[in-house]
Amino acid sequence: MPDSQELSVRGTPVQMLRDGAGPPLLFLHGAGGAGRWLAFQDRLAKDYTVYLPSHPGHGGSPAAEWIEHISDLCFHYLDLLDRLGLERVHLVGASFGGWIAAEIATMASHRLESLVLIDPVGIRVDGWIYPFLFGMDIPEIVGTIFQNPMAALALAPPDQSIDTLALQYRQGTALARVSWNPYLYNPLLRRRLGRISAPTLLCWGAHDRLAPLAPCGETWAQEILGARLRVFEESGHVPHLEEPEAVAEAIGEFCRLRQGTR
Amino acid sequence: MKFYYFHLMPYHMEHDESSSWVTLSNRHYDPAVGHTLYNQYLDQLEYAEQLGWDGLCVNEHHQNCYGTMPSPNLMAAMLVRRTTKAKIAILGNGLPLRENPLRIAEEIAMLDVASGGRVISGFVRGISAEYFSTGINPTHSRDRFYEAAELILRAWTEEGPFPFDGRFYRYHYVNPWPRPIQKPHPPVWCPSQGSSETVEWAAKRRFPYLMVFTPIKRIAQIYGEYREACERNGYKASRYQLTVNVPIVVAENDAKARELARKHVMWVYNVGLRMHPPFWRPPGYMTEASLRRLLANPPKLPSELDFDEAEREGYLIYGSPATVRDKLRVFSDELKAGILCSGMTGPSHEQTLEMMQLFAEEVMPHFREDAKVDETAGVGR
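Chains as they are written, first to last, in our numbering: chain P, 130 to 391; chain Y, 536 to 916.
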């Protein structure tokens, strides 16, 4: 069982889960992934000290009015590294968390041992418009995100109480503040990906329907110098939920080989 | 009581799709039919003035069959030149939906000057679905609304040029020509769905509050909150600050009116307001407090309203002239609303005109003790 901590990061309250032993690994969750410590994190925690903070406005972290742009979240996480006294980490981000992680890497690759992006969004891809999740009901969202809908159960809300619905609304609001329009990308990010100097692994679900391997994954692989691309054949947009063992294994191995090499 | 004729300009149609908003394909829109409809609807509004209605109302909605008036200012412009006495109430312009809200200040001033001061300017946020059709971030809705309203009011009342440096809107030169003819500016109304933040904002500025298509119990509750807010701000609300909007069907007897209401008014709720659920609740459009208030007592979706319920709850009024008079007493005497905004729908254009005439002759004269009062004096500014 991970510890749950309440932190103040330059005045912004954060709830964070932490477990494991070994080199530090910061995991940035996607929409709906706040506070979910699942098989994927458990497996990584065997070899790493895994930190899983909830983004402001998500899970147990209250909304922060000052966050208006994706770069605000990047600075927030650089502040979190300082707060935790971590000079360098393995940075892993999934989907929306992958977007934040990529932005951080364009600004501060020197703080990263390695960078792992799992089906990230965040860049404008020629020939692709991300399907608009905000306009979808739950079955449509599940159909877009998951190849294996059973994996969606891990993220299902515990009930339909007012508190649960209000939390979901708060999370949607925090997400929309930085991603409604332009939807799920920063027009400036793609060109900046060339600045990333941390060794980078891209993990991609072969059946991602939100950000498909072709053209999205392929574009990321072209833009980040020397990035490796690993495709997970049984997965949609969230391979770390759909094939947690295999994805954690691939990430663990990638990070182990890069540990201390920079 | 004052009577305002309210038009949605709907595109009446049946369809099986999950939403009449945002995604209902515009392949269903036949411009030839639209041509006839626009002209009939404008005829109805012009006829309302002849029959004695005090005001004519238009409003803004996007991408739906419920109301085909994406630009209410265009419709107002057509009415300005075809009418002479009636107020032209634009209920309203969706302030946050504009990238350049100074354009609203300019257009309303144009209409006000051209009409000789007959314009009422509604300020709205636009309903939830509008944020899907325009791309505007719904989490900015409230702040953009307040900021745009401040900009427009200053543009109307302060001598230009002056700079404006907001979070969303920035100008080095605010200096619109023309300036409005009404002083200090055209009356501002706030059509809304009853969020406590908007009630407070409107009451503080003496802006009349308008409830659209709301059950009567909730109107009573929100009116109470509005009156309290006015008192907190040091004055007593005039009855012309409280407006109701309810569809009315009047016919020679109750049975006939009931049949017409069942067929034509229920379309507005059951089809016109049918919406894919996510379009009702874009993230951040409501405050969390308002959301919790809503969830604690969730209203029925309009598309699920049945006729008996709609009648019981006061979503519509129908009957013979005598019955309609009795029902309107609830608004005039119990709720003490000063203005009734109401549109009418008959089975055809001609029958709609007849219904309007019946209402004007048999209902309206019974509520005219305030015929000499100017409902815009001292309110809305």
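Because the hints were derived from the structure by calculation, they are not lab data. No experiment lies behind these values; they were computed from the predicted model shown. Please note: incorrect hints may appear among the correct ones.
One-sided excerpt, in silico: chain P residues whose CB lies under 10 Å from chain Y [unchecked claim]:
no.	residue
1	Leu209
2	Glu269
3	Val271
4	Thr302
5	Asn310
6	Tyr314
Chain Y residues, not near chain P, derived (Cβ > 10 Å throughout) [said to hold, decoys possible]:
no.	residue
7	Gln598
8	Asn672
9	Arg689
10	Glu823
11	Arg827
12	Leu888
13	Phe902
Beta carbons are placed, not taken as given, at the ideal position from N, Cα and C, and that holds for glycine.
Against the structure, the hints:
| no. | hint | verdict |
| --- | --- | --- |
| 1 | Leu209 | violated (23 Å) |
| 2 | Glu269 | holds (9 Å) |
| 3 | Val271 | violated (14 Å) |
| 4 | Thr302 | holds (4 Å) |
| 5 | Asn310 | holds (5 Å) |
| 6 | Tyr314 | violated (14 Å) |
| 7 | Gln598 | holds (12 Å) |
| 8 | Asn672 | violated (4 Å) |
| 9 | Arg689 | holds (24 Å) |
| 10 | Glu823 | violated (6 Å) |
| 11 | Arg827 | violated (6 Å) |
| 12 | Leu888 | holds (40 Å) |
| 13 | Phe902 | holds (42 Å) |
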